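Chemist: With the sequences and hints as input, model every part of the structure.
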Amino acid sequence: MKAMFSKKTLIKLIRSNMVPLLFFVICLGGVVASKLSFLYIVNEIVNRLDRNLFLVLSLIIPVVAGMGLNFALVIGAMAGQIGLIAIKVWNIGGILGLFLAMLISVPFALVFGYATGILLNKTKGKEMITSLILGFFAMGLYQLVFLLFVGTIIPIKNPEIVLPGGIGLKNAIDLSLIQYALDNLLSINIVGVRIPVASFILIGLLCLFTKFILKTKIGQDFRAVGQDMHVAEVAGIDVDRTRLVAITISTLLAAWGQIIFLQNIGTLQTYSSHEQVGMFAVAAILVGGASVTKATISNAIIGTILFHTLFIVSPNAGKNLFGDPQIGEFFRSFVAYGVIALSLALHAIQKNFDANIRAESAE
Amino acid sequence: MGENKNTYIIELREIEKEYYGNKVLKGVSLAVKPGEIHALVGENGAGKSTLMNIIFGMPVIFSTGGFTGEILFEGRPVEIKSPKDAMELGIGMVHQEFMLLPGFTITENIKLNREILKDNVASRIFGPKLKTLDVAAMRKDAKKALNELGMNVDEWLPVAGLPVGYMQFVEIAREIDKKNVKLLIFDEPTAVLAESEAEKLLDAMKMLAAKGIGILFITHRLNEVLAVADNITVLRDGEKVGSMRKEEASVEKMAQMMVGRKIERVEKSKGRVEKSSEVILSIRNLYVDMPGEEVKGVNLDVYKGEILGIGGLAGQGKIGIANGIMGLYRAKGEVYKNGKKIELNNPRKAMENGLAFVSEDRRGVNLMLDESIELNIAIGAMQVKGMFLKPLLGLNWIKLLDERKVRENALKYIKELDIRCTGPTQKTRQLSGGNQQKVCIAKALVLEPDILFVSEPTRGIDIGAKKLVLDLLVKLNVEKGMTIVMTSSELGELRSICDRIAIVYDGKIEGILSPQDSDTDFGLMMAGEYKSHSKEEAL
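These protein sequence lines are chains P and R, in that order. Start counting the first sequence at 1; every next residue gets the next number (full-length UniProt numbering). Start counting the second sequence at 1; every next residue gets the next number (full-length UniProt numbering).
Simulated from the structure, these hints should not be mistaken for laboratory data. Note that the structure is predicted; figures quoted are calculated from it, not measured. Every residue, glycine too, gets a C-beta built ideally from N, C-alpha and C. Fair warning: there could be bad hints in the mix.
As the list claims (entries may be wrong) - Some chain P residues near chain R, calculated using beta-carbon distances under 8 Å:
{"id": "1", "residue": "Gly192"}
{"id": "2", "residue": "Thr216"}
{"id": "3", "residue": "Lys217"}
{"id": "4", "residue": "Gln220"}
{"id": "5", "residue": "Ala224"}
{"id": "6", "residue": "Gln227"}
{"id": "7", "residue": "Met229"}
{"id": "8", "residue": "Val234"}
{"id": "9", "residue": "Ala235"}
{"id": "10", "residue": "Ile237"}
{"id": "11", "residue": "Asp240"}
{"id": "12", "residue": "Ala355"}
{"id": "13", "residue": "Ile357"}
Modeler: The structure is reproduced here in structure tokens:
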């Protein structure tokens, strides 16, 4: 009897963590097949966590507030890039430049986030697809501004970043003036693994902030609105405003996340750095076991580790298995989009499964 | 006079409300004193819920043009424009469908949007929204409210796993935790409760009334009314048809008042086939998981050539039966047609087996509103039976729409059913409700079903068109011998055309009545008290 029970709980445990477990197995296979050294992989994972975790964490609050996965992270990332372009123009580097970029991105992120929120409030129930398409639309506007307005309306003359014709920003902007500004501020080496302590402190602070805000009145409102807008409204909570706040916070965090990401990379791909931000962050948190209705900090951390492990090992695994690194490359994007589709499908299967159980136990 | 007025907590005067030209409240007045339990009884659609929504300032009232009449709260005229206004006045509401968040604990639900907060560094700088919740204090309050109701449940449990009865008490605890509550509205609080739970709830109500809180109790369980109410008001079709003190009331009297209406019977012509005793459809142990209309074990036989009515109050599961058989909601159980088992959860199989369904959701399920009448009529048969298709250049595996046949078919039905339209290509969105319903029926008829399920065929249709739709159903039954299973909230309509009427209560068939049976029987059955009541009488 007792054995039966524990078996049942085990099955339940596996079923509820199906996605992370599945990816853990794939990662394990990939690590073995890639024949990379363990130290190399760990170093890379630490590096990727440093780069991406902030962005992934910024997804949590909108999920709690019932707005699904915020693909409009892209728009926040653009705000961050505006900050970076500004410090490049003024040529302010180092940690000072980094924080200045963060500061400059704040008003942009707040305005963008607020506008996104207004739109999402008009499309309740379809937030994910709206934010995805909104991201694409914003890319168009972004290109308009930085390809056409720079040099004409916006007076930027710096030949290092402006195209030879004097109009529009170059495709790639060197950010070496702030590269590793945060990562090298305080960094230690443990058995060959370089750990950027300052960056992780910042990420830790974000985790604390997320935890803290969910314990406050506004956090309680997020959770109430996320569970049932109607009930929240009848209880007197201003649903629209609460959702606005949630998406604005997320957008702001995405802006800062993108700045941290790019200080690690060291080059701003003016027209494409932001492109995949939403997609990759969403994929990572989904791999970590989050769903469109539930996301936690541990989902974000586990997901980022698993998703990026797969990214690290797949080119080598592809080369070793098929004799062609290109297949590994292909496998990467296959993984990114496949993950989203798979975990959404698993989520639906889970729901269907639960409904079946309910129908079965109708008596 | 002035003093007298002040003794009422709330007084409603001549309340009238219209929804899209449909008058649902026609000058209702009532008043509640402190410590009084005032019961409001009536069928669905009698206007009870609308009245409550008006008192509680629900947004649905104002988004549909407001209401006329006067509300006095403690003798003063008030305007209640939102639930917040109502709460500030001291009106609490225990909702019929739980207003609880399943993922929150009992405490969090009781304190929803009234959380006890404490300052922290961030809130001092950035404002009160960042104050932290004082969970300990909240739990203490919640515990107190629960204790007051005699509830012995841990206040930190999540609501999701609680038995329904407990959820109802959590709702009440939330209301009494509001310090200034003077009037409590209970909107069918016992509808989802088991008997013992319901008794506990009634005790709690009495206890609250004894504290001087006025209670407005909406229900259709008539014995409960007798058990607790001081005064009773009966509504029917938006009108107050009676009010009495408890001493004057009896279950029969209330049942009759609730249902009583003139019934016009659409007489069937003599040429119709006598009702056979051949069972065409037999339903065994049917469970349907349709939210709000759950079916919990229905056994029912449908005889060939009859019109069977399925009636009952909203939320009892009558709508779920047809939806379950047709595969639109998840169902479990057995359905046999002419002895052959029909696969459930598969709408296509149901249609292939000669069943057709005109859903209660005319605009959502039945029609493609932006498509033409002709396509709407043809689409079902096209999909299920492969009608109206022709092969492309003799290739059988590429089928094209046979527009000529679609048109001919549409013209035939437009004439036959007298669909008023500009032509077969008119979009169905532009049709009136009655004509839309005819298109739906035509669509079902093209399938040439043996059994036609019709749900709420006259909902949202004006009176003239209602009769036409009902006449059409009778005509189909008489002339084509079609078996019809009609589900409707309007008892009068069921009694006007059906041969037998099954009344659903709590997801099961409470009983089957003939249309000529008394109002009292119908009333008792719909209130789920037929069996117990007749037993009592037998004793």
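Chemist: Go through the numbered hints given earlier and state which of them the structure violates, listing their numbers in rising order.
Modeler: Violated hints: 1, 7, 11 and 13; rest satisfied.
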